[in-house]
Every structure is written in structure tokens, then in C-alpha cells.
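Visitor: Chains as they are written, first to last, in my numbering: chain A, 1 to 376; chain B, 1 to 376; chain C, 1 to 376; chain D, 1 to 376; chain E, 1 to 376.
Incorrect hints may appear among the rest.
If several chains are the same, the list does not tell them apart, and a pair holds so long as it fits within one copy or across any two.
Claimed, not checked - In the DSBU-like style, the derived pairs of lysine-lysine whose C-alpha atoms are separated by at most 35 Å in a straight line are:
{"no.": "1", "residue 1": "Lys373", "residue 2": "Lys212"}
{"no.": "2", "residue 1": "Lys123", "residue 2": "Lys373"}
{"no.": "3", "residue 1": "Lys183", "residue 2": "Lys48"}
Keep in mind the hints are simulated off the structure, nothing from the lab.
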Amino acid sequence: MKVPKPGNKIPELAPLRTARRVIGRIVSPVRKPPGSAPGTLVHTGPRKVESVTVQRLTYGPDHLREDAGTEIEPLLPEPEPGTVCWINVDGLHDPSVLEQVGARYGFHRLVLEDVLSTHQRPKVEEHRDYFFVVLKMLSYDEPTRTVSAEQVSLIVADGLLFSFQERPGDVLEPVRERLRHAKGRIRGGGSDYLAYALIDAIVDAYFAVLEKVGDHIEELEEQAVDDGSTETMHAIHQFRREILVLRRAVWPLRDALGPMYRGDIEQIGEETRVFLRDVHDHAVLVIENVESMRELLAAAMDLHLSGISNRMNEVMKVLTMIATIFIPLSFFAGVYGMNFEHMPELALPWAYPALLTLMAGIAVGMLAYFKRKRWF
Amino acid sequence: MKVPKPGNKIPELAPLRTARRVIGRIVSPVRKPPGSAPGTLVHTGPRKVESVTVQRLTYGPDHLREDAGTEIEPLLPEPEPGTVCWINVDGLHDPSVLEQVGARYGFHRLVLEDVLSTHQRPKVEEHRDYFFVVLKMLSYDEPTRTVSAEQVSLIVADGLLFSFQERPGDVLEPVRERLRHAKGRIRGGGSDYLAYALIDAIVDAYFAVLEKVGDHIEELEEQAVDDGSTETMHAIHQFRREILVLRRAVWPLRDALGPMYRGDIEQIGEETRVFLRDVHDHAVLVIENVESMRELLAAAMDLHLSGISNRMNEVMKVLTMIATIFIPLSFFAGVYGMNFEHMPELALPWAYPALLTLMAGIAVGMLAYFKRKRWF
Amino acid sequence: MKVPKPGNKIPELAPLRTARRVIGRIVSPVRKPPGSAPGTLVHTGPRKVESVTVQRLTYGPDHLREDAGTEIEPLLPEPEPGTVCWINVDGLHDPSVLEQVGARYGFHRLVLEDVLSTHQRPKVEEHRDYFFVVLKMLSYDEPTRTVSAEQVSLIVADGLLFSFQERPGDVLEPVRERLRHAKGRIRGGGSDYLAYALIDAIVDAYFAVLEKVGDHIEELEEQAVDDGSTETMHAIHQFRREILVLRRAVWPLRDALGPMYRGDIEQIGEETRVFLRDVHDHAVLVIENVESMRELLAAAMDLHLSGISNRMNEVMKVLTMIATIFIPLSFFAGVYGMNFEHMPELALPWAYPALLTLMAGIAVGMLAYFKRKRWF
Amino acid sequence: MKVPKPGNKIPELAPLRTARRVIGRIVSPVRKPPGSAPGTLVHTGPRKVESVTVQRLTYGPDHLREDAGTEIEPLLPEPEPGTVCWINVDGLHDPSVLEQVGARYGFHRLVLEDVLSTHQRPKVEEHRDYFFVVLKMLSYDEPTRTVSAEQVSLIVADGLLFSFQERPGDVLEPVRERLRHAKGRIRGGGSDYLAYALIDAIVDAYFAVLEKVGDHIEELEEQAVDDGSTETMHAIHQFRREILVLRRAVWPLRDALGPMYRGDIEQIGEETRVFLRDVHDHAVLVIENVESMRELLAAAMDLHLSGISNRMNEVMKVLTMIATIFIPLSFFAGVYGMNFEHMPELALPWAYPALLTLMAGIAVGMLAYFKRKRWF
Amino acid sequence: MKVPKPGNKIPELAPLRTARRVIGRIVSPVRKPPGSAPGTLVHTGPRKVESVTVQRLTYGPDHLREDAGTEIEPLLPEPEPGTVCWINVDGLHDPSVLEQVGARYGFHRLVLEDVLSTHQRPKVEEHRDYFFVVLKMLSYDEPTRTVSAEQVSLIVADGLLFSFQERPGDVLEPVRERLRHAKGRIRGGGSDYLAYALIDAIVDAYFAVLEKVGDHIEELEEQAVDDGSTETMHAIHQFRREILVLRRAVWPLRDALGPMYRGDIEQIGEETRVFLRDVHDHAVLVIENVESMRELLAAAMDLHLSGISNRMNEVMKVLTMIATIFIPLSFFAGVYGMNFEHMPELALPWAYPALLTLMAGIAVGMLAYFKRKRWF
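Please model the entire structure based on the sequences and the hints provided.
Guide: Right under this line is the structure:
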């Protein structure tokens, strides 16, 4: 991957290509047929991966087992007390995976439908024996300067956690590492603590995205002052849209985490709630940062526009002043270019140098006047 | 129907014609006389269909009967346990239909009045034995690029559902298909589940409208960058109004669905409420999308305006620079066009080529200066 | 009344004269002396009628009596069960009328004071034996295109309703007609139902005002596109203020009607509350319409400003292009108007036509260049 | 005091001098040392009066006694049933006055500190035996067109009311008059009713300020249309700041009065609460008026800016048109001023008048074209 | 420290350097690795001090002992009834300090983590035996005109208060002085009162920052009117960002203090709550002041922009007028410079002075016209 050096110009066509993607990220282009029965399992959104892969982690305070496969059926666990089982599915284009999971554990069809429709807002839903979490995992692509969001869904039951992602590759590796090395309290916690750890890892990754976006907004601000090219305008425009994507991922999250840490969801233990309050604080901090960036961007735009108009004014003022000095002088030259027979000045030997001196005087006088008026 | 190819210009007169329609969509142009008695049944709004048609679907878990007609009276059912009866009325211009329905089932006159007055805000009202829902069914007309809304009213009693539409043609066909083919749980559900299915189908159709509007906003954004014509401005203006229509249909819907899924309405069963929460989520998602489009449109407008002003600046700068270079040169030509008798330079053989060289030098020098100042 | 034809220009002085009236409508210019005792009965606001007129309607399910006079005393009724008495007073400049009413029925002095001070916000107040309603009755004066508001106060006790208006002429005539012809349920209802009927008639009349304002905003929008005169700007400015007047009458109304239909006011019966919910819905619809008009007006203003600036750009571009083409040509003419003795070209017979050809070539080349750059 | 006649220009330096005062009114320039112990009695704010004066009014339903002095100690009353004692202190620069009052009646030190620090927000605080009210008394200085605020603090205990003002002169004189002449119910009410009367008098005085500000905004609006001078811009700018001062005095007041009339403060009797609701209504009306003025000011600014830009466009268009007509004509003159030997036209006797006619034709043609394009 | 004199120009590069710092203040540039276990103690933020210093104050109503050191362990106190122990730690880069504190008193690991991560929002958290407060201590650097924030964390248990700062130097010295000299009630209060005293000192210091920022905004406003340089624009831009920093420190504080004074936190006594309400009032006042500054800044920017555009208009108008007067005159001169053989005027002896007079007349006429039109 070629990372552009800071200060590089943003190619002019980028914003348009991105625009498509923004609209695409807003309204799902591949939707299930309107009016189809609720709970119809159809994957909506672009297919992002060739084949489904399933990864299973079974652990207790002092054991851990990892399995993987491309079929979900053989990996579905029997409930085992004192053990937590985390099943991660990468790739959502095959509804039969969800069908099997739903049939086995009795998850509500609307939950399964929401897992497949990847244009959900982040939310938390409590059901009788489990709760359901939808999150957006954000990543930032430096070359195109776009934020992209991937939907992660969690179904959390007692001793069992399903996570569904659109494609392999995620920010959850550190959690897996902590499980493998029994770091922190994670092995002794239940599935609710595991859910917290996953949410925490996803929200933590927002800060990395924010930092990079922030760096680019900084560069933009320098550009905004330095040059008045339309590329800067386009880049500001693009970031406005990227921040729109960020906001849509983050704002609903705060509201969704509220009931989790306040104890409205029964499956979440007292202990874990303290940690969820911490994640909630992080989410609020992310929102605040996004809003601050929005304001900085608006300020950068104001600065850029006022810079452009200043430069334009400068140019026009100088050009107009040059014209304004020479037009009256040309008039005097024109007068003595007339062919009247009776123009006594024409015969005076000192008339020509005198006129030249007068012209120079007028020019100098006008310059002095402009200077005194601080017009340049 | 002739669908314009993407990139086609929007005809200049469209926005104005649409304007009328926007105002019309806001303030009902044919209203009942002010001060007339409440519950007076007068159809307000344009008559959109020639004659009233009534369609009846009676079904239970294992039977289904369809009837249709142009008179409501013979189709009004006797209550029958275990059976749900859905009566759909297309065309509202004949108040006697409502009179008969009201007389038979004792619906409140204000409810009947609201069915006929087609400028209602979406709402849900609970009454003693039934509840009343007002919705907007949206459609998008591609050639004129306008969103139009049709009012759909539902009166839902135990085993009985009335739906009233302004004209035939709707987005409810898939629900009828599901009933006919006993798809999903729909045949076994009560009238509350049928109400949910209808609302769901109507809200689902919003996404199709959003997608098309989104596509056009995308095209607009490309146009906004490419050309500075007033048509782009008019098209942006038009979409601002279309989004106004969208917002007015969607914002009240969210508030109206709240009490339905939260259990404030007695006639709605526990089971159905889970589904209504899902519709509510969709409504919130629609609102978010509409708001995002609003922001994208505002951004497109900023980009367009700044593009226009950039182009104008460019033009004026070039034109003014040309003038600024030639005006001083003309002055020199003017000086040596003067008719003074004593102008010794005039007699020098090398004076003319020298002056031409000087002039060229001045022109080149000015160009170099402008270039160095990055004025072009 | 002479109604201007659509498309008529708005006279230039109108906005200013209206401005005074807007301020006048905001801060009462004739106020009671600051610091005077609360409950001091002083009429504040312009005197709008010569003499006070009182109109009394006494009715029960099967009788109706009408009386009128210019004195309040003889018309004050004795309470009579099963009968409702509606006393309407036109003209507020005589505090003694209020004194007599207050003395007879024991209304709180602050209520009487509020009736007389015609710059109240719409509100509903509950007192021990009665409730008090303040409303604004709106009318639209087409020739001056201004919205004017008249304060209507209702004091509603058991079997007794006082209404106070600033001047004769109102939108309540249809209610009187319904009483006279015993239309609807109005004769059998109590004074609370009569209060509802009056509020409903006043709110219904808002739609007529909205419709006319909406029509004019539509015309404005066409003007905004067609011509760039300052009159359009002034007209937009005026409507901004008219909408301010509308908003101030309507926003508080919604909050005031809330407690009425929710059952917080004891004197209002269960039955009537359903009707009041309907009025509340209308008030919300009016607010929505006013807000939509606000947005349409803002959009019209944007369109108008961008139209003006486009036209200006067009003009300046054409003018500057003409100058830019002729200035270099003049320079060439100037060169060959110089009087140097040694200008060999001057003697060549084909020099003159050649130069003319060259000049034409330059002009055509510049035009082609401008055309290719799409500058015109 | 010299009141400027309506239409007078606002002197150019006024806004800047006022600016200082606005900042001064926002952040107290003389503060107690940061970190000093809470309850430290230091007067913060400019000293506005030479010496402290104390005024005492003791009254019951049928007696009234007035005393005055410059020392607080001898005027502090013994509690006496059936009697209300109002002690008014003008001048806050001497903390010992507060010390003595606090020592005698046991008021909380933070209350005493708040009395002295004159940059408090309006508020109401309940304490065990008394309640504490902070208000802003507004006045409008016509010559400088500035709103100034003076802090008034009330400590209200049973039968005892202290009021503290920054300097003599207030809007409370009518209340004193009513006490002296036993007008209204004021003599028979308790200290809570007296507190109401004082608050009512202060809020009533806001309307007088609003009226004058409103008059000036009206004048401004006329100016905004008539002339495009920078003074109008400065005056609009100044009023923006004055309205900021108004808002800061009025917005917190509404929230502060809420608990008073809703019965959250024990010391306020049922009876008085009805009157406080009335004051609350007035406060809301003041807020609405201030917000309306804000909007009118914003509209006046838009009108002014668009007026300036229209005038500028007009000027530039006319000037540029003149230049555009003469530049091509000069070119033709230049052509026939060339000194080519072979210019056959020069010898034709009708060439000169023909050229003049052609030139006139070109000028008229251009004018006609500009006219047809509606460029002037 | 060199304080620039009022009126000094702000160096042009400042805003950019500051921009970096603003982004830095928003998104922590040194963060703990994403996904690391919760409660991992890593210092995030720039290291601001060489070595950790610890300061201990132990006091009761009649004794006080001060100790200091660079190690935390020996200074951790044993609980002692009737005594309050305040341990202040300057420097956060060594997590082992927190480890030891946490191990000894059992503070939650998330609390310890929050102390170290210096990009927290201000907040108050209640835990079982203690409560935790995060605040921002603000300071204003006059030469660079930037507001910088330092995080201060308080852990308050019974008789024990820890305060953690990023570096030595704070606004808490007056509190220490009051403890040493037993001023006010501070020695007799518990650790909750000490916490109040610290929060109060920090909030009080905000006013000093506000005052200085206010002074600079005032200067800016004068500059905004006087000169149209881009530096003013940059300075306004910079203050927009500084106010962003201020807002982020102050807004969350208000919400955080709410539960403290309302009694939701058990460890805070009745007595102290009255004082906390006072701090809350101050926080609200700070917010109001910050918002007012925001508005003043926006107003200054409007004034500046309108000033620039006015000046530009002035310049262009004068320049264009000069050109417009001389271009027609040059045309006349050009006409009589033509070489037609038959131009009878050329031979008339009075033609030349007549033409000169005509030209002067045209110039004067145009000037008079421009003057009458009030174009200059």
C-alpha cells in the first residue's frame, strides 16, 4: 500500500468516486424486495468475501480450545457450564448459516434478518434469553482518505457469543490474544464480559481512525491557508462526507450503550456494567471529537474561502490600479495626437518634455494617493 | 414512461411547476368550509380516481376468500371468530362510503373525518375498541423528479381492518401475495399483525424512493462540479423541496410508532410488538438517511457555489490581465503618436524597433510577475 | 377590497410601513404604567372600535335565545341548570365592563387584566371554578400582504362562557349558525364543548391564512427566478416578518392545548377531550406548515440571491470580454499611429489590409478561445 | 439628557466603546482573588455610588413607617408579628453592611457573597428560613443606545425583606407608592407578596426597555434600506450585542421563576403563587420579544447586505457599460489614426461622416442590446 | 515572559502551529495500544515533567503536617479518625505510582486508567467507598494566545483525598494557604469539603482565563474594524479554536457537578452540597460567558468580512470611475487624431479649445452625475 506523503495533493476525481460510495453507504443498493415477509433472510449489501469462515473459541478460567472451519453446523456447541464459547463468522452472503444458528438456538427471525442487512444503525436489543448488539467497525483508507464501516453483530446468550462480520480481518485480535494468554480478567468473566471486551476493542479502534482523519484535517488547514486551488475545496468537501459516515456510526452507539451500563439488560452482570460505563464514556468522547473536527473543518472552510476572496481582491486591485493609472495618461497622449491645425502647444520646444514630466507626476501622484489610502 | 438517462439536463421550468405542487402538498387547496361542524365528512384534496372500488380479503389460518365491488355496503362483514377481514377502499371522494362504515361499526366521526382529509400528519390514535393509523405512502416520479405522497389510513379493530387509499395502485401487493400463499406467519396472526404487515410494506417502500433520490443527488453532485449552469442550482433547489416532502412524511411516523411498539395500545399483542419495534428501527433509519441527504445536498450546493465563483474569478482574472498588459503598451504607442514638433526620438532610425522591443519586454515582464505571484 | 392580480409588483414602501407594525405587534406601544398594581384593569393596545357591543346566546338542547346591547350589566345571566349562556363582548377599551363581570362572578383580577392586555401569548389557565383561554385570531390582508392578529379571550365556567374580542367581525359566525340550526352535537354539549367549538373555528381559520400566504410565497418564488429586482428581496423580507407573526400565534397554542386534551383541566369532560385532541393535531399541522413555508422562503431567497449573482456575473463577463478583445486591437492601431520617421511597414501597400486581417484574426481567435473555455 | 432625534446617525466610535462595556458586563473585571475562601465578602464590580444608603419601610394592614440612614445597624428590626419590614440598601462597596446583616439573621455566607458579586445570573435559591432572589434591573441609555443591567438581590424571610442594589434610583418607586397609599392588596400581604411586587415591577420595566430598543431597530431597518453606509452595519452590530445583554438577563429568569410559582418554595403562599405565574408569563413574553428582535435584526442585516451588494452591482454595471461602449469606438478612431501611406478610405470625402455615423450606430446598437437584455 | 502590548499584530504563522496543538488536544497522539486489556495502566499524553513529586498534607481542626518526596509508598497514610490527608501527585508518566495507590486502597483499575489517560472529559463517578472526579485546569498563554488544559483527577475517600496533576504548578496554592492558616471552615471540614475547595479553586481560575481571552477578543474587534489584513482573519480563526478548547473543558463540567450538589453521591455531606451548588452556578456562568464570547467572535467576524468587502467595493468603485471618465474622453481625442483628409473641424481655429472645453464639461458632468447618485 502506497501511503501518500503529507502535503501531497488529493487527486481531483476522488471526491466524486467517493460520493457514490457515501450514497451507497447510506442507502443499501441491494435490498431485499420491498414487502417481503419479515424475517426473510436475505443478505443486503455488497458481498465482500468469497467464502464463509467460522472460528470457534471455547474457554474457561483454565482452558482454551480453538477450532475453525467453513461450515457452521459442526461448530455449534452444546451448552457446558463454566465455559464460554465465542463463535465468529466472517462473511454474510450465505443466509443458510444464519438459518442453522437460528434453528438451533431459537433466535428471533428479525434478529437474524438484522445480522444480514448491513445497513443497520448501531443498537442494542434485549430478548428473553439473549441480547443482540449491532456495531460499526470503522477503518480509514489513507490513499483514498475514506472512512469505511463494516457491520459487526453480536448475539450474546449465557455462555455463548456469536459475532458476525462482513469479511475477515478485524480489530478483535488483541481480545483473542488476551484470551489465549489469559491476560486480565477476561478468562474468568462470562459471555457478557466477552461482549464488553469486543465492544471496547471496536470503540478503541475509533480513536485510531480519528487520529488519522485529524492529521489530514490539519494538513488541509495548512493547504487552506497556502493555496486557493479547487482541490482544497474538494478535499474539505470530501471530509465533510467522511465525518458524516463517522457520525452515523457513533451517535446511535452512545444511546445504545446507555441501557447496557445502566442495568436495563438482565444478562449483563453488575461487574461488567462498570466496564460498560467506561466504554460509554469513550463513545461520548469519540462523539465530542467528531463534533470538534466538524467545527474545525467548518472553520478551515471559512478560512479557505476568505483566503481565496482575499487573493482575488488583491489581484483585481493591482490589475485595476495599473489600468487606472495608464488610462488618464493615454488620454493626454491622445489629446496631443489630434490633428487640429491650431494647437499652439505643439510648436513649443519644451512642450513634449513638460508633458512627459506632467504624466510622470500624475502617475506618481496617483500611486501616492493609493498608497496613502492603503489600497496596496 | 420515458426515464431520462443519467446526466440528462433537468428542464428549466420544472422547479416552478413543482413549487406549486409543494405548496399544494403543504396546505390543502380544497378544504372543508372553516368553522363547519367537527366530524363533517367532506373529502379534502384533489379527487384522484373516477370511482370508488372496494376489495375484501377474509382469511383464517386455513382459508382465504377474496371479494370486490364498487359498493361498500354488501362487503361489510359480520364478525366471525378466528377470521380476519381486511377491507381496502380505493378512492375517497364519496363521503357516503365512510358514513356507512361509521354507522355500522361505531367509529368516531373525527376518525372518519381524518380519513377523508388527506393532509393529515402520520399518527396513531387509540380508541376504545379499535385504533387508527394514518400513514403516507410515497412514490417517486423519475421524469419530473418529484416525490409524491398518498395518504393511507388504517382502522384496526378485533378481526377487522379497514384501509383507505386515495387511488388504486399501492405497495401492498406483496402482503396480499403472502396472504394468498400463506407465506410467513401472516395467516395465523390477528388484525394487529396484518396492520403491522401493511405498515412494514409502506415503510419498506420508502427505501426504494430514497435510493432513487440518492442516485439523482449523486448525479447532481457531479453536475455541480462540472458545470456552473443555473439548471444545477434549480435542481438542487428542487431536491431541497422534495426532501421537505420526505421529512414531513417520515418524522411524525417515528413518534407515532413509538407508543405502538412500547405497548401503550391495548389491541396490539405482545408478539406483534417485537415486529413493530423493527418497523420503528426502519423509520429511524429512513429519517437518518433523509437527514444525510439533506447534508449532502447542502454540501453539493456549497461546492456548486464555490465552483461558480471560482470559474468567474478565473475568467475575470484572465480578462483583466489581458487588459492590464495592453493598456500601458497603448499608452506608449499614444505618446509617440503625439504631434509635437520637437520630439527628437521620432527621427532616430532605431527608435521604432527599440520601442517595440521595450513594449515586448514590458509585456513579458508583467506576465512573468503575474506568473510568479501565481495569478494564473 | 381590491385584490392585486398574481404577478403584480409589491409597492416598494410596503415593507417599511409593515416593519412598524411588526414591532408594534411585538411590544405593546400603549402599556399600563410600569409598576402599577397587579390586576389594574387598563386596556393596552390600540383602540380598534368605537363602542362596546355585547351579544348573548342562551341555549339548551331545545331552545335558543339571542340578545344584544351595548351595556354588559343587563345581559349578565342568572345560572340556570341545563342551559348554556355564551356572552360575546366586542371592544376592550372600557375597563368597567370587565369590572362588572369580575365583580359578579368572582373571576381573578389577573384574568381580567390579561383580557385587556392584548399582547398576551396564547395560553390556557385553570382556576378553581373556571378556566381561561387566550388565543390569537389571524386574518390576512391581501393588498398589503400582512397577517394581523386579534386577541380572543375565553372565560369558561359551568354553563357560562365569556368571549372577549378587540373588535366586531370574527370567524365564529359558523358556530353561531350551528347553534341556531342545532347542527351537530353542539346544542347538547356543555360550555366546555362550546369552548372547543370556538377554538376549533379559530384554528380552522388559520388554514385559510396559510393558504393565501402560501399562494403569495409561490408567486414570490416565480419572481425570484424571473427578475432580480430589489422588490423581490423586500417582499421576501416582508414575508419573513409575517411568518414571525404567524409563529408567535401558533407555537404557544400547541403547548397550551396539551393540558386541555390530556385531561389536566377538570372542567373539560371526557367527551370533549377527544375533540380537543383533534384541534391539537390541527395546531401541530399548522406549525408544520408554517415551518415548511419558512424553509421554502429561505430556499427562495437562496435562489434569488444566486440568480442575481449569476445575472451580474453574466453581464460583467460579456462586458469585460468586449473590452478585452478591443484593447489589444487598439494597441496595434496605436502602434501604427506613431509618428516615427523610420517605420518601413507604413509604406508597404499591403500593410494596411494585412493589419486589418491580423486584427480580425486576433478578435476571432480570442472569441474562439473564450468559447472553447465555455466563458459564454 | 439630550435624546437624538429619530433618523440621527450613530456616531462611528460608539460600537467600540460599547464593546469594552459588553466584555466588562460579561466577565467581571474586578474579581475577588481566585481561590479565596468561599463566603469571603468582597465587592466585585465597579463602585457605582459614593456612600451606602439604607431605607426602611415597616408596614402592616393599617400602619406604615419610613426610616432612612447611612448605617445599617440601627435600622435592623426586631421581628414583630403582623408587620412586614422592607430594608433597601443602595450601594454594595462596603462589605461590613453585609457582615452585620448576616451576623444578625444568620444568612448563609454564600448568599452574602452572591449579593456582593454583581455578575451573578438571575436565580432563586431556597434556604431553611428564607429564600434568595437575584435579578437584573435593566435600563436603556438612549444617547449611547446601550442597555445596562444593575443587579438587585432580595433576601426574603418571614416578615422581613432585604433588597440590595448597586446604586440609588430604581423602578421600585411605584411599589413604595402603593405601600404608602395602601393601594391594592399589598399592605395586607406578607413579605412573599412584597417580593412578588418587586419582581413584577422589575420585569414590567423590561417592556419599556424593549419598546425603546424596538423603536431603534425600526429606525435601523429604514436606514438599512436607504443608505449603505458602514454606520448602519456598526449599529446593527451594536444591537446584536445589546440583545446579548438582554438575553443574559432574561433567559435565566424564566427558569428561576418556575419553582417559585409551582410551589417548590415553602415560604411562598398559595395566593402569591397565582401572581408569580403571571410574572412568569411576562418573563416568557419578554424572551419571545427578545428572540423576535434578534430575528428582525438578522433580517435587517440580510436586507442591508443585499442592498449594499445591489447598489455596488448597479454602479459597476453602469461604469462597465460606459467603458464597454467607448472602447470599441476608440478602436475605430485608432484605426483611422494610423499612418499607413495606402489607406484609400482616408481620401474619401464622405468617409469621416460615414465613420461617425457608424460609430453612433454601434453605440446605439450596444445600448439597445443592453436594454433588451435588461442590463440597466 | 514577554507580554505583547495591546494592538500588536499576531504573527502570521501562529494559527498553524496552534492548529496542530488543537488536534493534539482533541485526539490523544500517544494512546495505549487499541484493544489492550481494560485497566491497563499506560500514561497517554505528552510527558510534561521530568520526575514525579508527591506532596502530603495531613490536617485536623487543630493540627497540620506537610511532607513531600519523590516516592509515593512512604507517604501513603494509615487511616486516622478526625484527620484528613491530602496527597497531591505531580507527573503521571510513571504508572507504578498508580499501581501502588491502587493496590493499597483498592481503587478500581478503570479509575486508575482514567487518571493516566489525560484526554478524559470532565466527569464525576461514584464508587462504593470513594468518588472520582476528573477536571480540566485551564491556563492562558498570552504570547501565543492559546488556552491550554491540564487534567486534574481527584479520588476522594473518607478522610483521604488524592489529587493527580500532569505537572507541577497549579491554581490550588490558595487552598493550601487556607489550610496552613486555618482560614475559613476548611480545617474542620472533611475530605468532601476539601474536594469542594479544590474544584472551586479550579473553576475560579477559569474566570481569569476568560477575562484575558475577553480582552484579546476586544482588541480583535477594534482590529476587525480598523484594518482588513488577513492577520485579523487568522486571529479570529485562532480564537474560534481556543473557544472550542474552553467549551470542551466547561460543558461536561456542568453535567458532572449536577449529581454532586443534588445529593446523588453519598460521600458528600449536606453542608458541602450548598457549596457545590455555588460551584455549579459558577460553572453555568462560565458556560454562558464562553457562549457570549462565541457570539461576539462571530459578530466580529461578520463585521470584519463586511468591512473588507466595503473597502474593496470602495477601491474598485473609485478606480472604475476614473477609468470610466477618461475612456470616453480618449475616444474624442482619438476621433480628432484620425487622418481623414476631409475633416473640416480640424482647420477651425477655435475647434481645439472648444473640444478641450467639451471634454472638461463631459468629465464634470459625469462626476456630478456620480455624485448625485451618491456613488462616492
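Visitor: Each hint: holds or not?
Guide: Structure-based check of each hint:
For the identical chains of this complex, Lys373 and Lys212 are inter-copy neighbours only, at 33 Å across copies versus 46 Å inside a copy, given an alpha-carbon limit of 35 Å. Taking the closest pair of Cα atoms, Lys123 and Lys373 never come within 35 Å of each other, the shortest separation being 63 Å inside a single copy and 52 Å across copies. In this assembly of identical chains, Lys183 and Lys48 lie within 35 Å of each other by CA distance both inside one copy and across copies; the values are 33 Å within and 30 Å between.
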